[in-house]
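All chains, please: the whole structure from these sequences, using the hints.
So the chains spell out like this:
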Amino acid sequence: MADVIKKATRDSYGEALVELGKVHDDLLVLVADLADATKVEGFKKAYPERFFDCGIAEANMMGIAAGLAAAGKKVFASSFAMFAAGRAYEIVRNSIGYPHLPVKIGATHAGISVGEDGASHQCCEDIALMRTIPGMTVINPSDDIEAKAAVFAAMDIDGPVYIRFGRLAIPVINDFDGYKFEVGKGVLLRDGTDVTIIASGLLVCEALEAAKTLEADGISARVINIHTIKPIDEEIIIKAAKETGLLITAEEHSVIGGLGSAVADVVTATVPVPVVKIGVNDEFGHSGPAPELLKEFGLSAENIVKTVKASMSLKK
Amino acid sequence: MDSELKKRLQQQAAKIRMNIIDAVYSAKSGHPGGSLSIADTLTYLYFAKMHVDPKNPKMKERDRFVLSKGHCAPGLYSTLAERGFFDVSELKKLRQVGAMLQGHPDMKHTPGVDMSTGSLGQGISAAAGMALAGKIDSAGYKVYTILGDGELEEGQVWEAAMFAGHNKLDNLVAIIDNNGLQIDGKLSDVCSPMPITDKFAAFGWHVITMNAHDFDSIEKAFDEAEKIQYQPVAIVQTSVKGKGVSFMENNAGWHGKAPNAEQYEQAMTELKTAAEALN
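Those protein sequence lines, which keep their order, are chains V and A. Using my numbering, the first residue of the first sequence is number 1, and each one after it goes up by one. Using my numbering, the first residue of the second sequence is number 1001, and each one after it goes up by one.
Please keep in mind that the hints were generated in silico from the structure rather than gathered at the bench. Do not rely on the hints blindly, as some may be mistaken.
Capping the alpha-carbon separation at 25 Å, the derived lysine-lysine pairs in BS3-like fashion look like this [said to hold, decoys possible]:
| hint | chain 1 | residue 1 | chain 2 | residue 2 |
| --- | --- | --- | --- | --- |
| 1 | V | Lys212 | V | Lys6 |
| 2 | V | Lys22 | A | Lys1135 |
| 3 | A | Lys1199 | V | Lys74 |
| 4 | A | Lys1168 | V | Lys44 |
| 5 | V | Lys74 | A | Lys1168 |
| 6 | V | Lys44 | A | Lys1135 |
Structure, rendered in structure tokens:
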């Protein structure tokens, strides 16, 4: 694994915006005093006349974005997930979601991989919050390639979109040339017959690692990447439930309301098979280096392997 | 103000007030008090000031209006109906299942509504966003928004005030409806946002005061607002909550309550009498 390229998806976001700014000369980007951290600094430098810093006022920033969109503008609003989805939730819900305005929300620093800043900044609730808003598309990319593709795809969605990016550099797992991003389509990364690991974000790479280990131990694990949490790809999930009879979900988010819940929502109404959720277990994070935290909270290939083995007996 | 125009606006406002009472009475709920306090201002905006076309409500170069105090939707709906954006008969269906007119403004389904509002403090941000879009496009349109005085207790209002001041949005006019009352009582007893004028001035706004029920004063204020450059404008209007209906006037109890049959008759009689006196 020495030659693995690692990159934080917040960097991918920033680079994609610069590219997008070339194609769309009317694209606007807003930020709330986090231009460098959310990586929109590049857009600011390239297109200063199309960049607006709203100051430390996320609620107003979302309202400004709504007003711009209502006046026909294309706009991305950037902040940390904690403030974009958390602090500004009700403004996103009422000023963007309810009128279904095509505001794109770029939320960086999601999950506990924020690391040293600690629990106040480690947002593990954003997917749950955003996916309850009617008409909101929620995307959680797994690497650099997918993150950039998601930013481009979001531009073509006639409605609000929430895209989640991370601070931690993570392996690039998708192939640039062969990669095709489809909103709402899960990606079958590895076929398998005994169990399906459904992962999102930085857990996709861990799920692939886990599947390799499981194979060596005689368990055939299917791996599906769900980058779009909403609208979720029901078909690929139902098929996996039917064919493998056991689903393990893995996400860097609370086990309440995130990918695991979304997957369970699909199968309970169709093919009720056991769904075992790996995520942050209804607790706050704490300070520490991101890799250590991910390990501690069980967001690792190692824990996926352990969980799969412990769950095999649930299969009927 | 030209006396003919004034008379026409007074007559129009009287009709809008009757429509407000009619709509809220039909819905058996809603917010008459604050709707009546902004009725004259809405009349002036839609019948003497704003560049709008009821036949082309999404016209690009139109002036925009955001009712930041969205609960006063009956006031806005009555005005839009009178201006021809939709049929006056819609007003009697307010708040009912299947109706176009929602409890709070819904831009997706109501012609003439430029922004969905209802959650206080948010409309002014959206209005500032629209004003910014106008600046980016070098468009000539103005964005008007009406806020309640109690709404100023929402922190987001001041985030928006800071943003508009910083970005010198001189195409934005925020009207603050200072009737002095909110749901729980007098602003001065609940959690006073006073002094309003000084606060907006401190955020870099040009501040004008006006009498919300005197068209001469209203015209003077908006004429002044028109001339201001490089600053957003706040017009603080002194108004009477429930204006035009004696038992609703200056009574916080009529913030969000519909009249019963007897009260409805009395309100309509009072408003009709006042309207006839104009002839």
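Structure-based check of each hint:
In summary, the hint linking V:Lys212 to V:Lys6 is supported, as the alpha carbons are separated by about 20 Å, within the 25 Å threshold. Taking the CA atoms of V:Lys22 and A:Lys1135, the gap is about 21 Å. The hint holds against a cut of 25 Å. Between the alpha carbons of A:Lys1199 and V:Lys74 the distance comes to roughly 32 Å, so the proposed pair goes past 25 Å and is violated. Note on A:Lys1168 and V:Lys44: the hinted pairing holds, with a Cα-Cα distance of about 20 Å set against a maximum of 25 Å.
Proximity of V:Lys74 to A:Lys1168 is assessed by CA-CA distance (about 22 Å); at most 25 Å being required, the pair is judged to hold. For the given pair, V:Lys44 sits about 18 Å from A:Lys1135 by alpha-carbon distance, which is consistent with the 25 Å threshold.
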